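Enquirer: Below, each chain spelled out in residue letters.
Protein chains: 2
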Amino acid sequence: MKVSLLLTGNELMTGDTVDSNSAYIAQSLKDINLVPFIKTVVGDDLTLLVKSIQELSAVTDVLIVNGGLGPTVDDLTAQALSMAVGSPLARNAQAFEKLDEWAQRRGFVITESNLKQAELPAVCDIIDNPKGSAVGFRCEYNGCLIMCTPGVPSELKPMVENHLLPLIRAHGAITTVSDITRIRVFGITESGLQDTVNEVFPDWPPEVDLGFRVQMPVIEVKLATLSEDARVLNETWTKKFIDHFSDYVIGYDDVRLSQALNAALMEKRLVLSTAESCTGGLIAAGITSEAGASSVFQAGYVTYSNAAKHRDLGVSLEALDEFGAVSEQVVTEMVAGALSRSGADIALAISGIAGPDGGSPDKPVGTVWMAWGEVGQIQARKFYFPTQRLAFQRTASAIAMDLVRRHVLGLPTDVDYFSELKKKR
Amino acid sequence: MKVSLLLTGNELMTGDTVDSNSAYIAQSLKDINLVPFIKTVVGDDLTLLVKSIQELSAVTDVLIVNGGLGPTVDDLTAQALSMAVGSPLARNAQAFEKLDEWAQRRGFVITESNLKQAELPAVCDIIDNPKGSAVGFRCEYNGCLIMCTPGVPSELKPMVENHLLPLIRAHGAITTVSDITRIRVFGITESGLQDTVNEVFPDWPPEVDLGFRVQMPVIEVKLATLSEDARVLNETWTKKFIDHFSDYVIGYDDVRLSQALNAALMEKRLVLSTAESCTGGLIAAGITSEAGASSVFQAGYVTYSNAAKHRDLGVSLEALDEFGAVSEQVVTEMVAGALSRSGADIALAISGIAGPDGGSPDKPVGTVWMAWGEVGQIQARKFYFPTQRLAFQRTASAIAMDLVRRHVLGLPTDVDYFSELKKKR
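From first to last, the protein sequence lines stand for chains A and B. For the first sequence, the UniProt record's numbering gives the first residue as 1, with consecutive numbering after it. For the second sequence, the UniProt record's numbering gives the first residue as 1, with consecutive numbering after it.
Just so you know, these hints were derived from the structure itself, not from any lab. Some clues are possibly wrong.
For chains that are exact copies, the list does not tell them apart, and a pair is met inside one copy or across any two.
[Claimed, not checked] Heads up, simulated SDA-like pairs for lysine to any residue below, C-alpha to C-alpha not over 20 Å straight-line: (1) K116 x T72; (2) K116 x T189; (3) K268 x L233; (4) K116 x V214; (5) K131 x A391; (6) K131 x D100.
Predicted model, so just to flag it, every value in this text is computed and none were measured.
If we strip away everything but chain A, and leave its shape as in the complex, we get (with noise of 0.2 Å):
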């Protein structure tokens, strides 16, 4: 069976966007033994549009149509799919009441430009998208499954599950066995789990295939194993690489870093604290980004300045002049403060050189102190992050809920992060 895709917008053929949507289409479609055949990508050009569904559709089995459901005059794939496949454009009832439906929800008048949206070639039938006003839809034309999806990563990618994947399926009969299991690990890189695997496990099966993709700051695991018994394959191999990582790995699934955290925090049933500096904030939001927040988080402080430091969490005068605000003792007294004004049983504290400007030579721009604990318990610990500033502050984040996570957990907090890179240099 051949898929073909075909992206469309200015933006990817002017370069101002690099595509990361087919590859996102291209990972999922290996869940099924898929790659594509051949992916074309135009700009809003209706000619160049309508030819390229005829000549994809012609030579492939499945079409996937990427961009252009918009509201605005630039978005052209409804219409090009309707002259493509000589079917005029219709009002879809379907499309039409998840349209009102969107627009009621946010307190939206459908407008000429939305209701554009709900005009659908008359063949096609709606492909649902529960995050955007834009609906999905598809056709069959010459026996080629012709699906038409939203440009905006977050609308395709739970679409893809959803209903391109099962649509693909019952369209090519597709009935191989399969089992697919997806793990998150978090604090070691691509390479180093592909390294170990490599030297761990000498005799990992070519029926489980097992491939690493990067969703920042964390590495989504895969295993697919196609095989007779996939399911026991499967379950054993699993097993065995989640006991190799433990500590590493952080769920399954979509799972991220926060959640996480907050699980392990309700769990053992702790409040936490966060006295942050460099990342500012983030640490804190990243935390009250989850659902159910409220029960293991109820104050955080941002001390940008060593004045706030001093005011708001008691850091003494003395440490800020002696060790300065990015050393173990300010980091360590943030936490005792955020302790004791918020109550808080453990508390994370967080002061670095974010850069670009800031650094010396004793403390270069990258470098960053971590404390966290209970009253009277509490450690600390200094990292490096030569990076850009926001990389800095996300990986610092990050690797500092880590750090609290694995404290919670009884896991080790003395883990080398990402060490296997420096082993090898």
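On the provided structure of chain A, position chain B as indicated by the hints.
Expert: Okay, now just chain B, sitting in the frame of chain A:
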């Protein structure tokens, strides 16, 4: 003049590699006012490669082939080009010389596999590759300039500037003038912009191509003008656009909302403090994600529980009790508390129901109160964003930042965010 791209490599089809080369090429083509017309990506499939070269060269003036120049059996570009243009493979003397040089410099012996890299279609001239063993090569076929380039990004990049662009210029005798302006707006949707432009500027000239791109939470507006007097025309319509959308415009090019806010604070020499409940630190994290934030931000408070609002910000128990945490009274007291605790010039507070739980008939999930201002001059507004938790937090944070930006710059803060849809009723 039309340019097409043909990328080859199984790793591009499986999604294991996200293609960044074509974005790089496209961005470089902008320098000579070109946007690729069509892009095709195929695996290491000889038949498909030959067909794609023939089809693309028939409809475009320049075809850039990327990838498939390596020494292994799955590198098929030279062979495919040979078949497509009907010119047999032969040892190219220049290519062999380069290869020999490359090997000698590294103390390598040229292998059979390497030799393959000097076997090129007889009609081809080489394109120098200073960084790798594979030279590029080019020929003309039916008036189309075909150029084959290596897939390794570090080898491709210097070739684009030094060889590809000059060859394309020479081939197309390029002289067109063009001008591009990028503006970023916040607080109005894509379709709202489109509808307003249609209404207010019925005489918008076709030479000034107007494009919108959602870059959450802002929208990028691009005016691309191709004509004899592109610059003047672009300036005129950019000015008209900015005059009309005035306070929605946060800046040019890649400016972020947090940058615009910090710039406004910096311009007025004001320090801001934040008091966040439902956004849990997201606003503080946004502000401090920008370099130089320390001159406009020193302390923020994440008061997620009522106890924290009372203890850390001095919100009265009476207000919490009588009006609830999500109320005008409480956010106003949060601002007052943040001002007095931090000593900042201006403060911002936010309290809402992010969901999925915690709503009531009176205050459903999505309800949010924001307050901002200086000592004795605090304003508040209520919003309703009935969407998913993360989208709620991001939207609320963005609007809160924009309200402070507007307040600081003396722009209206009673703007009806994203309501152009509602107004059309």
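Enquirer: Honestly, which of those hints from before does the structure not fit?
Expert: As far as the earlier hints go, only 3 is violated by this structure.
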